[in-house]
Amino acid sequence: TAKETRERRAAIRRLENELKTAEEQAARARLALEDPAIATDPGELAERHKKLEAALAKVEELFDRWSRLHD
1006 TAKETRERRA AIRRLENELK TAEEQAARAR LALEDPAIAT DPGELAERHK
1056 KLEAALAKVE ELFDRWSRLH D
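Taking the numbering used here, the leading residue of the sequence shown gets 1006, the next gets one more, and so forth.
Mixed in with the good hints there might be a few duds.
Pairs of lysine-lysine, BS3-like flavour, derived with a Cα cap of 25 Å [said to hold, decoys possible]:
(1) Lys-1063 / Lys-1008
(2) Lys-1025 / Lys-1056
(3) Lys-1025 / Lys-1055
Rather than coming from a laboratory, the hints here were simulated on the basis of the structure.
All chains should be modelled from the sequences, with the hints used to inform the complete structure.
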């Protein structure tokens, strides 16, 4: 129905906005991990790596949801 189509398009737009935000967060996390100031701090490197992995997982999850809506 037309209502379902509108709702689906709205859901896709919301997911696209969430995905954009998640991609920006992942980019910031990657830059933080690459900061030379922490290169010799294994604890900080591990923490920042964990944050990057979480951000990338969020991007992947949102992209999967977005892809399913486009099927």
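Structure-based check of each hint:
| no. | hint | in the structure |
| --- | --- | --- |
| 1 | Lys-1063 / Lys-1008 | violated, 29 Å |
| 2 | Lys-1025 / Lys-1056 | holds, 17 Å |
| 3 | Lys-1025 / Lys-1055 | holds, 20 Å |
In summary, the one numbered hint that this structure violates is 1.
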